[in-house]
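Full structure from sequences and hints, please.
Chains as they are written, first to last, in the numbering used here: chain G, 563 to 1020; chain V, 563 to 1020; chain S, 402 to 566; chain P, 402 to 566.
Each hint can be trusted.
Calculated lysine to any residue pairs in the SDA-like style (CA-CA distance at most 25 Å, straight line):
{"hint": "1", "chain 1": "S", "residue 1": "Lys417", "chain 2": "P", "residue 2": "Leu435"}
{"hint": "2", "chain 1": "S", "residue 1": "Lys492", "chain 2": "S", "residue 2": "Glu508"}
{"hint": "3", "chain 1": "G", "residue 1": "Lys728", "chain 2": "G", "residue 2": "Leu699"}
{"hint": "4", "chain 1": "S", "residue 1": "Lys549", "chain 2": "V", "residue 2": "Arg599"}
{"hint": "5", "chain 1": "S", "residue 1": "Lys530", "chain 2": "V", "residue 2": "Phe646"}
{"hint": "6", "chain 1": "V", "residue 1": "Lys728", "chain 2": "V", "residue 2": "Glu751"}
{"hint": "7", "chain 1": "V", "residue 1": "Lys882", "chain 2": "G", "residue 2": "Arg893"}
{"hint": "8", "chain 1": "G", "residue 1": "Lys799", "chain 2": "G", "residue 2": "Asp843"}
{"hint": "9", "chain 1": "G", "residue 1": "Lys755", "chain 2": "G", "residue 2": "Gln740"}
{"hint": "10", "chain 1": "G", "residue 1": "Lys886", "chain 2": "V", "residue 2": "Arg893"}
{"hint": "11", "chain 1": "V", "residue 1": "Lys799", "chain 2": "V", "residue 2": "Ala907"}
{"hint": "12", "chain 1": "S", "residue 1": "Lys492", "chain 2": "S", "residue 2": "Val539"}
{"hint": "13", "chain 1": "V", "residue 1": "Lys799", "chain 2": "V", "residue 2": "Arg994"}
{"hint": "14", "chain 1": "P", "residue 1": "Lys417", "chain 2": "S", "residue 2": "Arg441"}
{"hint": "15", "chain 1": "V", "residue 1": "Lys882", "chain 2": "G", "residue 2": "Ala960"}
{"hint": "16", "chain 1": "V", "residue 1": "Lys886", "chain 2": "G", "residue 2": "Ala960"}
{"hint": "17", "chain 1": "S", "residue 1": "Lys492", "chain 2": "V", "residue 2": "Asn636"}
Reference listing, derived: stretches of chain P covered by chain G, where coverage requires no fewer than 3 residues with Cβ under 8 Å from a Cβ of chain G:
{"hint": "18", "stretch": "490-501"}
{"hint": "19", "stretch": "554-560"}
These are calculated hints, taken from the structure and not from any lab test.
C-beta atoms are modelled at their ideal positions from N, C-alpha and C, and glycine is treated no differently.
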Amino acid sequence: MFQRILVANRGEIALRVIRACKEMGIETVAIFSEADRGAYYLSLADEAYCIGPAAATDSYLLINRIISAAEIGNVQAIHPGYGFLSENAHFAEVCRSCDIEFIGPSHEAMQKLGDKVSAKEIARQAKVPLVPGSDGLINSESEAVAVADRIGYPVLIKATAGGGGKGMRVATDPASLQAGLKAAAVEAEKAFKNSGVYLEKYIERPRHVEVQILADHHGNAFHLWERDCSLQRRHQKLVEESPSSTLPKSVREELCKAAVRLVKAADYTNAGTVEFIVDQDDNYYFIEVNARIQVEHPVSELVTGIDLVQSQIRVSAGEKLPFKQSEIPCRGAAIEVRINAEDPAQGFRGSPGTITQLRLPGGPGVRFDSHVYQGYTIGPNYDSLIGKLIVHRPTREAAIACLQRALDEFMVEGIKTTIPLLRKISRLEAFRNGQVDTTFIERVLLPTMTQPEREHDR
Amino acid sequence: MFQRILVANRGEIALRVIRACKEMGIETVAIFSEADRGAYYLSLADEAYCIGPAAATDSYLLINRIISAAEIGNVQAIHPGYGFLSENAHFAEVCRSCDIEFIGPSHEAMQKLGDKVSAKEIARQAKVPLVPGSDGLINSESEAVAVADRIGYPVLIKATAGGGGKGMRVATDPASLQAGLKAAAVEAEKAFKNSGVYLEKYIERPRHVEVQILADHHGNAFHLWERDCSLQRRHQKLVEESPSSTLPKSVREELCKAAVRLVKAADYTNAGTVEFIVDQDDNYYFIEVNARIQVEHPVSELVTGIDLVQSQIRVSAGEKLPFKQSEIPCRGAAIEVRINAEDPAQGFRGSPGTITQLRLPGGPGVRFDSHVYQGYTIGPNYDSLIGKLIVHRPTREAAIACLQRALDEFMVEGIKTTIPLLRKISRLEAFRNGQVDTTFIERVLLPTMTQPEREHDR
Amino acid sequence: MAAEKSGSHEPFDMAKLRELISLMEQHGLTEIDLRQGDQRWQMRRGPTEVMQMVSPPAYSGVSLPLPGPIPASPAPTAPASAKADDGVPIKSPTVGTFYAATGPGDEPFVKVGSRVNPETVVCIIEAMKVFNQIPAEVNGTITEVLAKNGDAIEYGQPLFRVRLG
Amino acid sequence: MAAEKSGSHEPFDMAKLRELISLMEQHGLTEIDLRQGDQRWQMRRGPTEVMQMVSPPAYSGVSLPLPGPIPASPAPTAPASAKADDGVPIKSPTVGTFYAATGPGDEPFVKVGSRVNPETVVCIIEAMKVFNQIPAEVNGTITEVLAKNGDAIEYGQPLFRVRLG
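Have a look at this one:
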């Protein structure tokens, strides 16, 4: 086992890694930018080095500074956390070329699954369902109609060079398909100088379901069940839970097995997440792999009883995972909400400032992961996540009740947070019945919030 | 189910009951003394009434004031918490005579088990082992010698009217027994004007093991496994854990079954604790019953997954416990430590004052039950408990590692606390190996602390 | 201590102290700590921030934008009366239900303008079916009635105001 | 000690105190702590409590009576140099290992008293096997060397002091 690990991150995930190391008896070296100097979590590390000014590009993203800190700190491994360099295959490669273990997958597996085209190819070989569509570009209207007939309407016309929604069209029947093909090709030619388009089945109001994976270097790859993260705003997750409240048991099991097949096919090791979208008929389609620990990992820890960050470290040190798939339970229901320093009333604008009063929730069923405290100043330099409130109860109904009371106890003064929005979400019928999808917050919830709020709308 | 409950207590246990009620959708009425006015937890109740000045005898112990508050608050039930009126059978009776349910056992069961003599008689009938001794008073030296021969030396000579150690003698052989009998009788006559003495087996370095009980009004009585609370100072528990790390499985099961027999024999309902002492050969002896929720209930909640306070309320409302004995697991290991505003370096003198800085531990495996926050003032009026840190991990070793890192993260400024002492305990070989007993802290640990502390003595 | 008195250094030059104290106020100093030899002068002034921390705002939870029902804690003692200085309060010695008169339709025990002496019964607080007659305990004239028939009353809650005399 | 001689042991020179206090306010100082011999004058102004909350003391965890190893965070930038005002620091532009000379046994690039110009190499910081020559970036004379051969250096850490000119 490693004696000393460098934590190449900041904030709550740096603290999470330090906590895991302390419980394992591993010393830690923290790095920090000038903006994070004096943060309390740094004092919990055995050493801490300033590596640069506030801008992440001049500190947390500078590979050579981090490797230098690892060298003077004399560590055997680096934990990258999430964000920053965590999915940078080059960084993983540099670490290992310096004889420092990168706590994550091999850079080869990271590259294979990091590239969407090769990831989809691996998924196809592993018989993991992909969103149905044309095999490559569409060459004629008649071909498009034939494909659409096969996969079923509505279909999505997408520019092969596309991005940001440009050159995208939804078609609900042959007539709108023919019109859409022309319009999309023209728009794509104009925007990307490439008129190539392809077809994909259009998934209406999809749910986001992802599978937590752990794989070691001894041929074991396991799933730790799924998380439903459908409540998002602009692809930013707000609420995550495990298990999914809507998927039938047989689909859950199939989905989890598909995720294991995929990572096995890619020779993937360490922790990772396989993301799917699920349509209203519970069909699931592979989207991508996140080759790192995720913000929402605690919900899986709570239902399985497995410490994911400790497991990452053990796997990287060459240990065998000490359980079988059949020994990984999914007990009770866990829900995480993200407490961000943002003002939902002002378009979720970041709300930096000093926390002048803080009352944290506690008691049964409550876990809180955060690096902040009363007197902490949230600067404008990094993301707005100031804490994760996670509840775990025997049933989903009880977990929601626990979430409501914990959010009601939670008081933060001095900055604006997502707490009032989360209180509202926790009391919505649609959420309590599991009737939400990735478009729900923007399609249904936010429009109601521009009107003056009704009182007592539980 | 009740719509509205009055919480007849203060501080962390009042907050604990409020939390349980909120999760169950029950409204709460809090009461408070003038010393507790403005405490944050009061704002979490639906209503709060001041019932008197700071002195508990003029507020939290005044039955008529509490009943009046219950009447104006229009509640159906009262939760007494622990301490104050929680084991006052008269209070329970008054509540019920006012048509307000007292959330606890019947006052008849409380009286039966509250009286030590009748509790022991019930234990005897239920074949629950008692500390061996004479059947009543000793009338002659020869009788004493015969009893001692039967139960084995060392024996304890106790005054029947005794208390506070007066008239107590340990005898290791017939000679010291004869000398001790005379001395004890003289001392007892002098102190209590009653020279009657009896004999009991003297248990050297006992462990304190107690069994959590839940019983409903439908004939179900279950145990929720045991707690080891051997680490005490002057009978004040400091560390509590479940399961016991030293008892063999067969003894644990026997002990737990004995506790169930006892409460069934007393027609006991609601939550309760059956306390035993365990000798060095794992023989266990019944001591007493605590007819209320206990400070250390969270460790049992964590290993069983059962919310004890919610269960108390459900049982009082007439519900049937929704599980069987075989469905109550004991998963992983949970340890609670009590954070008291006391200064161990000054003879555990209370340390009232304002918390000027507070960093709470968090992350995986950590539960914190407390009503305090940065800026809270601990007054001199009530007990010094300011919070309970509870950890839960898959193994005892992992739980201790989690406890150590959580205590290291925990920072309180402005008052003295037991945190430094608890850090020390969490790193003691004797604690880690389970080699502690109820005399350990005063016999072994505290004497080492009068010397200047060595640094880094993990 | 005897030693302090000895010799030419008279303990504590009051003129200097007075000046220092007024300088502190004038310039907003919160602390002075002067040492020289065996002398130490230490002074602190009005730490308003500490005060805020010592007594956090009562019922601060109420200011939370709770979507659920707002905890309806009864207002702590002092009501926001415009006539706050118009006399002293008669406070409730117990918790219970307020009655201004012996029965429905009866005349209230006292009204604004009523003269009271220490034994005058001003109201009844019912607690546990017991009707407690509450005496005024002062001599004076009622200037304000602060509770209504049937109100839930907590310990220490002002019930009336009395101008003494 | 010089201070002892002054005057008849008269405690606290009020004229100086007055001036200091008014300087504090004028320039927005929140604290003054002067020591000389057995004298110590310490003064605080303004909302110190709020200040503490806004920026909690760096590494306050260090002051905890931890039974385990104490977090050995490297000291933040400013070292407690007695000659704090004797020049400006040359700070490390990166994190790495400090070397005062090209090789073992070689003369150091600079010593106390060395004249430097902006291009003068003052030391090497090794990072990832790369030996970065660190230029002085100022004109002046080295007054203090703050790092030793082989020291772990963090970003922004002062390496030397230079009296400009």
